[in-house]
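Turn these sequences into a full structure, and let the hints guide you.
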Amino acid sequence: MDAEALEREGLAAAAAAISADAVEAVRIEFLGRKSAIKQALRDVRDRETGMTLNAVRERLETAIDERESVLARAELDARLTQERVDVTLPVGGQTRGSLHLITQIRREVEDIFLGLGYRVVDGREVETTRYNFDGLNFPAGHPARSPLATLFIDEETVLRTETSPSQIRTMEMQQPPVYMVSLGRTYRRDTPDATHSPIFHQVEGLVVDEGITLADLTGTLDLLFKKLFGEQRRSEFRTHYFPFTEPSIEAYVSCHICDGDGCPVCRHSGWIEVGGAGMVDPRLFEFVGYDPERYSGFAFGWGLERIAMLRHEFPDLRELWRNDLRFSRQF
Amino acid sequence: MRAPLSWLREYVRVDATAEEIARRLAVSSLEVDRVIEMGVEDVGDNLSYLRVGRVLSADKHPNADKLQLCQLDTGEGEPRQIVCGAWNFGVGATVAVGLPGVLLPGFPAPLDERPLRGELSRGMILAEDEIGLGSDHAGIMILPDGIEPGTPLSDVLPVHEQVLDLTPTMNRVDLLSMVGLAREVATLFDGELLPIAVDDPPALETEPVDVTVEDPLGCPRYLARVFRGVTVAPSPMWLRARLHAAGMRSISNVVDVTNYVMHVYGSPLHVFDRTKLEGGRIVVRRATAGEEIRTLDGIPRKLDTRDLLITDGEKAVALAAIMGGEDSEVTDATTEVLLEAANFEPIGIMGSSERLGLRTEGSNRWEKGVDPYQAEAAAVLASRLLVDFTGAELTGSTDIHSGLPERPVVRLRTDRTDRIVGLVVSSEEQRSILDRLGFEVSEDWDVTVPTWRARDVTREIDVIEEVARVVLPRVPRTMPLRRLVEGHLTGDQRLRRVLEDVLTGAGFSEAYTWSLVANDPDPSAIRLSDPMSGDQAILRTTLIHGLVEAARENVDAGNAGIRLFEFARVYLPSDEQLPEERWRVAGIAAGGFDAARAAVEVVYDALHLGLRVRRAQRPFLHPGKAGETDAGWLGELHPALLDGSWGVFELDVATLIGPVPERILYDDVITFPPLRQDIAVVVEEEVEAAALVDVILEAGAPELREARVFDVYRGDQVGEGRKSVAIHLSFQVPDRTLSDDDALVVRQRVVAALADRFEAELRG
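Protein sequences, first through last, are from chains Y and H. Numbering-wise, the first sequence is residues 1 to 331 according to our numbering. Numbering-wise, the second sequence is residues 332 to 1095 according to our numbering.
It should be emphasised that the hints constitute simulated quantities derived from the structure, not laboratory data. All C-beta atoms in this analysis are idealised placements derived from N, C-alpha and C, irrespective of residue type, glycine included. Errors might be hidden in some of the hints.
As the list claims (entries may be wrong) - Derived SDA-like pairs (lysine to any residue); straight-line CA-CA distance at most 25 angstroms:
(1) Y/Lys-226 - H/Lys-391
(2) Y/Lys-226 - H/Arg-805
(3) H/Lys-607 - H/Gly-629
(4) Y/Lys-227 - H/Met-810
(5) H/Lys-633 - Y/Pro-147
(6) Y/Lys-226 - H/Arg-354
(7) Y/Lys-227 - H/Lys-607
(8) Y/Lys-227 - H/Arg-825
(9) Y/Lys-227 - H/Arg-805
(10) H/Lys-633 - Y/His-196
(11) Y/Lys-226 - H/Pro-804
(12) H/Lys-391 - H/Pro-480
(13) Y/Lys-227 - H/Arg-883
(14) Y/Lys-227 - H/Arg-827
(15) Y/Lys-226 - H/Gly-629
(16) Y/Lys-227 - H/Pro-804
(17) Y/Lys-227 - H/Glu-831
(18) Y/Lys-227 - H/Val-358
(19) Y/Lys-227 - Y/Gln-330
(20) Y/Lys-34 - Y/Arg-47
(21) Y/Lys-226 - H/Val-358
(22) Y/Lys-226 - H/Leu-812
(23) H/Lys-956 - H/Val-1018
(24) Y/Lys-226 - Y/Leu-148
(25) H/Lys-633 - H/Gly-682
(26) Y/Lys-226 - H/Glu-667
(27) Y/Lys-226 - H/Met-810
(28) Y/Lys-227 - H/Pro-807
(29) H/Lys-646 - H/Gly-610
(30) H/Lys-1054 - H/Leu-1093
(31) Y/Lys-227 - Y/Leu-148
(32) Y/Lys-226 - H/Leu-754
(33) Y/Lys-227 - H/Val-1018
Said to hold, decoys possible - A partial selection of chain H residues facing chain Y, derived with a Cβ cut-off under 7 angstroms:
(34) Ser-583
(35) Val-756
(36) Ser-757
(37) Asn-885
(38) Ala-888
(39) Gly-889
Printed below as a string of structure tokens:
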């Protein structure tokens, strides 16, 4: 038998095979049990011939395997090409839910303050007048104590008008240092319109420690503004009055729309009012039994709706209560 | 409060523009709503076209019956011809003239010379509304005689005015006055305060003034003055212009004086026609229950015993501090006036004002606590102006009070200021600020508070605030030291976030609905004592109804794939003063019972809790598709409540997360894999899946690790009233791999137990 001719013939046949079946036929013809090479190997008597034939067999095997894998790959390629889909076509399926915009802002604020070492306190919504007014130093006759401003359950029980009662409860429960924020629903007797709602949300912050200053308050709020409205924002603080803080300030942030040049959003002032703050009035410390000579503190309380409306530029606060998916899924 | 700048500058000398003053006041003193530009625009030489003129002749226009043809001396040497439509003046009148070229407010272009009915008109004789000095357009403005023709009008009248529109905080009633604002501006700009020099008019022939204050707590001071020979007439032009700029309407010289002086000192005044007072007498007392008074606005007001009245001993003549009575009003015929410069206690006034729904410039000040010392200064200035403007004579005066309040004295530690503010303010500067604000500071820092701040500034911290607000723009931005603190969410707070995230991941969008509702299933739910409306009367004990409404809104809006959840509190009645507030999580989703069950399953799974649902009944749920868990309920919404099939659930959050394991221990389910088999059993229709699984798990323990129903088949092959339940079984022990023989033994125990307990037949 001419091993060389056999190899030439086998290699040519493998190269000529154009399908998996044809390759298999070549394999049977040249390497099968009845193939010439298998016959020759069975009949071989000397070592040298055996080695030559085995080498031929191995080369044929390799060539057939390679041809097989080339053809298999080509077949796969051809099939995949046919399996083409329109990748631009939406399939639906999984629907995403979304957190309420106020929840998203609540978490943002919580996370900022958690990072600063504050804790998050859950306050009550139904409060005694002791915590909602007396402890916060609202004088007798203050307009907030009137049923025209506040929702009463009975003479000594109200729906909290701000998140600040949580300050008093927190201070009663623990000794300084206090670093806390409290966020939640608050209630006032306001007729609903584009910027008012009898139910709204506030964030309350309270710090009581040795050596706390007004500068610490303005620094903290400046940081908060930059996180909420953008790092390039500036802050300004203006004097104000609240029963529970002294000195009291109102915090303003440079307008994120016009950056201070003046536009309709900031009513051409360049500044947007965000909310009230101040140094905790020593009367609150006396009320809860802290030593006002040793400790000082600051507090702030703002509406979350206002932050949401300013930041996302929607004109009507009532959208936040309408729960229309066309609104809520945008955020 | 509107403060015309030209008026303010009469009391303080300061080198600052309106904008600069507004900015500085806004930071350190009070809210500045805006700066209003009034009158004729002060651009280029515009104001120079406004002159004083004298009428040389005024004749009917030859070609028009309603027009006059006038010649005026406007200081130019030549007479100037002007056509005018007004007739309220004659030859010799001093008037205001606009020359061609002037741009008047509300006009699109400058005035030009033009013929009117054939006669050239070279200017305009002005009415007060045409240059923004008032609202009167009945005729042209008549100026006082004796002003040289050609004088710039801006030398005589504030033809251009800038007005600060201001809102003081409620503790700063002293800033509802021009003198208070002047003091503030002087402090902030280190300007010079210019005192108001006024001589009290002499009382020549005095008569007694009969005033009795029966309620000295409600009325701590009552200063009354009597004027005779009053001639009621329009006020002089400058006063009318000032009131107009300050946002007040000119009424008459007498009434205008009270408004003007109130604006100057912040202490409201009132005037009575004294002949309408029985015996010229004043008695201050509380109203009797049901007593009535008809106030100046013509409205009868029904009073109660909390309302303070000014009476003449017989009848009510004024609702004290709020509004005068119609019967004693000053009219054009008035000749005798009783001027009231009183002081009223704020809380009672606020109560009356609220009850009656009547707020006035006066009540707005009284309810904030006006300085009783100001009454006297106000009375003196008002007397001077009444005498000057009305030709009256002061004939009587009385001042009833039982001592005016002491001025508080507070010891200030200047280093404490620095420690509170976080900025070193030198003691010289602190002293200077307080001094300019009217505080008296002794050598050892005893600070005596001025009368107009005595209510508000009573403690060291209040004095510190005075310094702090002035230096506020210089306060640096620092961060608290935060030693010994660390921030973290509590376990409950963290799990609440997990719940929110799991539900949004499951396609639910978060809704916020009202905590106040019209109806609640719990008849003992807490009610507001005086709700804003019936829709917001009750504190809810369940979230479900708000979500149903939210779903309905979305259906109406045409939204598809509606899945909503809410995370909020309910308010459960308790024996304590305060209700029990509990967090609930609730949801609603299109897709009926399965949608609710799927949501509840994923919630329990996310919290590593086993879910066990029992059949239950709720009035708002489909009676055959309702279940409950330890933490709440789930089911299909009763179709009567909302069209379509909706899955709903509500879980009490504390109950739900109570059993959540704090730490999860590793369970080796990998080393020796489980052996899995399925069985199907035929049982009566009533047998519920959970009951089957319970029995299977009990009988299969300990090798049977899991049993899960994966299919239920009903049909001819199993017979009427029966069903075939396919259950997936998973056998596993921690120390070896189980063989088929092991499983067979357990499986036989299970099948026997099912047969025993439910007469279940193994199928296939």
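Starting from the hint list further up, note which numbers the structure goes against and sort them upward. 1, 7, 10, 13, 15, 24, 26, 31, 33, 34, 35, 36, 39
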